[in-house]
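K.L.:
Under this note's numbering, the first residue of the sequence shown carries the number 593, and numbering increases by one thereafter.
Simulated from the structure, these hints should not be mistaken for lab results. It should be emphasised that the depicted structure is a prediction, and the values quoted were computed from it without experimental measurement. Heads up, some of the hints might be wrong.
Straight-line C-alpha distance at most 25 Å; calculated SDA-like pairs for lysine to any residue [said to hold, decoys possible]:
| id | residue 1 | residue 2 |
| --- | --- | --- |
| 1 | K776 | L798 |
| 2 | K710 | I638 |
| 3 | K701 | I745 |
| 4 | K619 | N800 |
| 5 | K844 | I872 |
| 6 | K717 | N687 |
| 7 | K884 | I638 |
| 8 | K874 | I760 |
| 9 | K691 | K717 |
| 10 | K756 | V738 |
| 11 | K757 | V738 |
| 12 | K808 | G788 |
| 13 | K710 | L697 |
| 14 | K752 | V786 |
| 15 | K848 | E725 |
| 16 | K740 | K752 |
| 17 | K701 | K752 |
| 18 | K884 | F688 |
| 19 | K808 | K884 |
| 20 | K778 | L799 |
| 21 | K844 | L721 |
Distance windows between CB atoms, simulated [unchecked claim]:
| id | residue 1 | residue 2 | range |
| --- | --- | --- | --- |
| 22 | K846 | G767 | 49 to 57 Å |
| 23 | S641 | I720 | 42 to 50 Å |
| 24 | K691 | S641 | 24 to 32 Å |
| 25 | T620 | G767 | 48 to 56 Å |
| 26 | K808 | K701 | 33 to 41 Å |
| 27 | P759 | R805 | 37 to 45 Å |
| 28 | S729 | T620 | 30 to 38 Å |
| 29 | Q864 | P759 | 51 to 59 Å |
| 30 | K775 | N671 | 47 to 55 Å |
| 31 | G655 | R743 | 19 to 27 Å |
| 32 | I877 | K699 | 36 to 44 Å |
Glycine included, every Cβ here is placed at the ideal spot set by N, Cα and C.
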Amino acid sequence: MKITFLGTSAMVPTRERNQPSILINYKTENILLDCGENIQRQLKLINFSSAKITKLLITHWHGDHSLGIPGLIQSMAENNYSKTLEIYGPKSTRNFMNKVISAFLLKNKINYKVKEVKGKFFENKDFILEAHEMHHSSPCLAFSFVEKPRRRINLKYLKKFNLKKDPILKNLQNGKNIIYKGKKIKVRDATIVVLGKKVAYITDTLLNKNCIRVAKKADILICESTFSKELKNTAREYMHLTTEDAAHIAKKAKVKKLILTHFSQRYKTTSQLEIEAKKIFKNTITAKDFMKIEL
């Protein structure tokens, strides 16, 4: 899995930071979390074709998280997009998408389908996507990407059966006991369960119990940190999180790593924001545009 930060600013972009967007690459899936303006250029700067995107997850419909959608669809069409774009978001997402398509004359440009979601909304053999409602000035979601556990063949154990490479090993990986040369091999002995990775994404919200729920035991929590602790009253007024809020979520949810993002334009550097969060949750870093994380 690879995570690329395409925009790490808040409402107003800066010279260094575009509006919010994150790309998750996983096997054949390319999932875009939020879609700030100018997203198609950000994708070009990492040499990634918009025609490869499979899913678009919108936390909410404030402009800094959605203004890139018309341009993205236009670029997809120009790049001969052949898939059906899956768009997931909070209440009213269908209505907003209809307005986007109408306002920018995008009808029939690409195939897409829209779902307004809550809870587990997607599952295949590899991973699960979940959405939890946040507390913001418009309907807003936090998302988690949860990789399913997988079975790894215990080659050391299989040596006693002289079994190395054989199509029958797929049955073990699928959790089934096998018979090999008249001997029963149990899946519990011949495989090792490897836990999957979890990535959580929280932005634009006041503190609420679902923050802990969506972030629980995540390998990586990507969390807004729009304001420093000194501006906690401003954060509450605009329904955002501070550095300390994000760090407390990470600590209570027992995540492994916290990545702060969604910074107000007032901050020319994020070093002080990182210091504040680290006092509560040590394994914290601040994101910057085009930063890549691999899991």
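K.L.:
Hints first: check each against the structure and report whether it holds.
P.N.:
Now the hints, each set against the structure:
no.	hint	in the structure
1	K776 x L798	violated (55 Å)
2	K710 x I638	violated (31 Å)
3	K701 x I745	violated (46 Å)
4	K619 x N800	violated (33 Å)
5	K844 x I872	holds (10 Å)
6	K717 x N687	violated (31 Å)
7	K884 x I638	holds (10 Å)
8	K874 x I760	violated (46 Å)
9	K691 x K717	violated (34 Å)
10	K756 x V738	violated (31 Å)
11	K757 x V738	violated (30 Å)
12	K808 x G788	holds (14 Å)
13	K710 x L697	violated (30 Å)
14	K752 x V786	holds (23 Å)
15	K848 x E725	holds (23 Å)
16	K740 x K752	violated (29 Å)
17	K701 x K752	violated (59 Å)
18	K884 x F688	violated (31 Å)
19	K808 x K884	holds (22 Å)
20	K778 x L799	violated (47 Å)
21	K844 x L721	holds (22 Å)
22	K846 x G767: 49 to 57 Å	violated (28 Å)
23	S641 x I720: 42 to 50 Å	violated (26 Å)
24	K691 x S641: 24 to 32 Å	holds (27 Å)
25	T620 x G767: 48 to 56 Å	violated (23 Å)
26	K808 x K701: 33 to 41 Å	holds (39 Å)
27	P759 x R805: 37 to 45 Å	holds (41 Å)
28	S729 x T620: 30 to 38 Å	holds (36 Å)
29	Q864 x P759: 51 to 59 Å	holds (57 Å)
30	K775 x N671: 47 to 55 Å	holds (54 Å)
31	G655 x R743: 19 to 27 Å	violated (45 Å)
32	I877 x K699: 36 to 44 Å	holds (42 Å)
Violated hints, in rising order: 1, 2, 3, 4, 6, 8, 9, 10, 11, 13, 16, 17, 18, 20, 22, 23, 25 and 31; the structure is consistent with all others.
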